[in-house]
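Model the full assembly from the supplied sequences, consistent with the hints where possible.
Chains as they are written, first to last, in our numbering: chain B, 17 to 329; chain F, 357 to 665; chain H, 6 to 367.
Treat the hints as calculated values from the structure; they're not laboratory data.
Some hints here could point you the wrong way.
Below, computed lysine-lysine pairings styled on DSS-like, alpha-carbon distance capped at 25 Å [claimed, not checked]:
1) H:Lys-99 - F:Lys-571
2) H:Lys-78 - F:Lys-571
3) F:Lys-384 - B:Lys-222
4) H:Lys-135 - F:Lys-560
5) F:Lys-560 - H:Lys-172
6) H:Lys-106 - F:Lys-560
7) H:Lys-78 - F:Lys-468
8) F:Lys-571 - H:Lys-106
9) H:Lys-172 - H:Lys-78
10) F:Lys-384 - B:Lys-237
11) F:Lys-384 - B:Lys-153
12) H:Lys-182 - H:Lys-172
13) H:Lys-133 - H:Lys-109
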Amino acid sequence: MSDRGQLKKTAHLSEVPAAWEAGPRGAKPRRLVSTRTIVVYGTLFVAAAYYLLPLYVMIVTSLKGMPEIRVGNIFSPPLEITFEPWVKAWSSACTGLNCDGLSRGFWNSVMITVPSTIISIAVASINGYALSNWRFKGADIFFTILIVGAFIPYQVMLYPIVIVLREIGLYGSLSGLVIVHTIFGMPILTLLFRNYFAGLPEELFKAARVDGAGFWGIYFKIMVPMSLPIFVVAMILQVTGIWNDFLFGVVFTRPEYYPMTVQLNNIVNSVQGVKEYNVNMAATILTGAVPLLVYFVSGRLFVRGIAAGAVKG
Amino acid sequence: MTGQATGRATTRAHPGRPGRLTRNLSAKIASIPMMLTAVVVFLGGTLWTVLYSFTSSKLLPRLKFVGLDQYERLWAAPRWLVSIENLAIYGIFSLIFSMVIGFVLAALMDQKIRFENTFRTIFLYPFALSFIVTGLVWQWLLNPEHGVQSVVRAMGWAGFSFDPLYNSSIVIYGILIAALWQGTGLVMCLMLAGLRGIDEDIWKASRVDGIPMWKTYLFVVIPMMRPVFVTTLVIIASGIVRVYDLVVAQTSGGPGIASEVPAKYVYDYMFQAQNLGQGFAASTMMLITVAIIIVPWAYLEFSGGRKRV
Amino acid sequence: MTSVSVKDLRLSFGQVTVLDQLNLDIQEGEFLVLLGSSGCGKSTLLNCIAGLLDITDGQIFINGRNVTWDEPKDRGIGMVFQSYALYPQMTVEKNLSFGLKVAKMPQGEIDKRVARAAEILQIAPLLKRKPSELSGGQRQRVAIGRALVRDVDVFLFDEPLSNLDAKLRSELRVEIKRLHQSLKNTMIYVTHDQIEALTLADRIAIMKGGVIQQLADPNTIYNAPDNMFVAGFIGSPSMNFLKGEIAAGADGKPVFAADGVTFSLHGYRAGEALAPGRKVVLGVRPEHVAVDEAAAGGELHEAVVDIEEPMGADNLLWLKHAGHTMAVRTAGSRRFNPGTKVRLTFDMTLASLFDAATEERI
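Put into structure tokens, the structure is as follows:
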């Protein structure tokens, strides 16, 4: 107690020899640009250039005229900017079958993507809800088959689905393709929703049951409003996934319903006529525009979506 | 005590107790699509295809069993052998390169850098694009008359030759480049998430121990990230087996049959050549390939894993 | 001799200054505890000493050497982390030897050091196991061992017991104390747990907002806190604070007046003159109030029992006294019914008086 006053102040540096005072002090001096920084940022910038280059080439090519493309180099910016390739790609580029451009494929893709996304998310979220909150005997067996099924190559199941769809008269139609997208979206989406719902506080579900809410009441009044982020993640996953699909589009629809990716491939790889690289690149950008837009707008949610889909799937 | 026991007995004998089937009825009805998908499509469809791979089905599926005929024919077909060889080369290289590039990028991104979000956006955007778009862009970039080759030649390096899409011996590497461009961003994201999951104290401990950064990565961090590596491996591998659209868009399997892959073989025989039996046999082989990858992983992950911890 | 010395330390991240003008001297062989709630800067200070954070200004000396610019490995320190930070894929033996191998120490010397550490910490039977096969306490010992093999003078502990359950925590607390007694190394120990601080420390530095509030031995910290923060932080239940003012007593000596009652300050040793009218806060710990028969001799106060909280060994009473409520600790054997009137005396030799405005001890 008596030494209280003495200990009160923490600074008593009398023991530090005066010679030390001259030694190193403060932050360790660093070169403004260390070797490590150069290596880290250098590599990242080179990598970024590699990833950006194709996008850049796509854009500049689509803005050039064919004569310029023939003589010039693919990296040089357009001397004369023209939007003609874009117009042609959209409205009059030819596949082997027709010359409607990409617009037909675009609207087909919209008509496929919108209902497929809505229905697949509705079905999968209800599955996930039933699996996490209303477990019944045998549910896990179906779920396991579903998850294992996610790894089976699509090619294995294509033909049986063709037969089933033909039997119920939907083969070749848009509704048939919507069903296919719902089926193949189910494993990952169900897992996504099941895990999310399982992470919600169980007390909430119990309280709602005590209050007398049933299966659908709890789903619509409690689960859906509480889970908007995961619905957005699922939507991002589905919109990009379905828009980018090629295989199902080409297998399950008639040519007049071909989605944009199939239409694009038919335009670019059509063997007839002279290759119009500028039109091809404009068409390619147009096809990639929707998922790219989703990607740039959604940002972190996209990352979360693919992480959730990929890591668990 | 007795009261409690009686109460329980009454419950058991309660006449109004719902039966087994009607309990959770709404949940069961709501799960019908899932059950149908699981049983009819995934299980039924797979078994159906495997079964019909032993038949002589041509234009239409017929249950006329011919044993392993289709498989013998398959493994004698040059196009199938090329497909398998391509898949092996493409698979091994894309596994190695996407893992290495993905990890290196992730490690660089983890150095508390500026503009992290910008870099991530750049590395990942190709993943949002379809394989068709990817294939077409790289078809253009690798075009020998206008693309990279001609640009390098124009820079004065006249003898430079890089035309994978027109050279059957290296065409698969042209596809590999495009696939890596599209997919490494995802690997980077998975690895970065793994790196961020490493306890900050581990890094501090290794600094106090005086272990150089690269040794810490090699001997401490990478072993710790084993689960991330395994998961990534499974994801990449199951994607590799499915590769189809990329080849269709970039080379259509050419030049000749030089860049054919199994998934394309299946499609062509099922829907173009009207030779269903070959398609079924080839798709069954794909299934077996996936099983070879998945089964050991699932075994490690779900049975051995628990014991280890 | 000084073992670790921190001089005029400043640490900023951009515009935010976390530590400023911080000075601290730690004697050789001393066990110093940095105590504070989360975000007070205690771990930050420890990381600065370890060299894991680059300081903005100031100097750090360890064992007479200016180590301000040295890498952590060259500072002569060993560190034990909250999450143990053991390398999970390596056996205990490799965990201990990895750093030495990287430093290219001869194998014979490595073996000797590992064996010695294993003996001191009694982990020899665990050497071939992996961290995942060890209990929390064993992992902790391996983490200490990793510091031990480096044969350093200064041990840094960053909340090493926070991840353990209460029982194990108290066991390992004793072990760390025993280790310190046998090794006699300088140890700097960060914790938010006041029991750990009081039991382990030679001296405690209580931190808040990046500033050391008081640096003293546990007894002084407990009985003569420098300010109201320290007084309130240490002790459970908290010290009773009564707001009032200094008044002139009947005998002319200053007394403390609050809510219409006065307290003689007989026995309190004020550091400065107590002018009547000065607004002050009287702090009395629950165990420094005597109740009823124990209250014989000295100034008596009357109070009414409001709530009784029996705690086994102790009995905590919440009393209504004049206009305020206070906690008083009595022996567990004596029970009180709510509403009972009791008489109290306050032990002013162990009380604290703070200026109401500055909250500093008077």
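Results for each hint:
no. : hint                  : verdict
1   : H:Lys-99 - F:Lys-571  : holds, 14 Å
2   : H:Lys-78 - F:Lys-571  : holds, 15 Å
3   : F:Lys-384 - B:Lys-222 : holds, 19 Å
4   : H:Lys-135 - F:Lys-560 : holds, 20 Å
5   : F:Lys-560 - H:Lys-172 : violated, 28 Å
6   : H:Lys-106 - F:Lys-560 : holds, 18 Å
7   : H:Lys-78 - F:Lys-468  : holds, 22 Å
8   : F:Lys-571 - H:Lys-106 : holds, 12 Å
9   : H:Lys-172 - H:Lys-78  : violated, 34 Å
10  : F:Lys-384 - B:Lys-237 : holds, 20 Å
11  : F:Lys-384 - B:Lys-153 : holds, 10 Å
12  : H:Lys-182 - H:Lys-172 : holds, 16 Å
13  : H:Lys-133 - H:Lys-109 : holds, 22 Å
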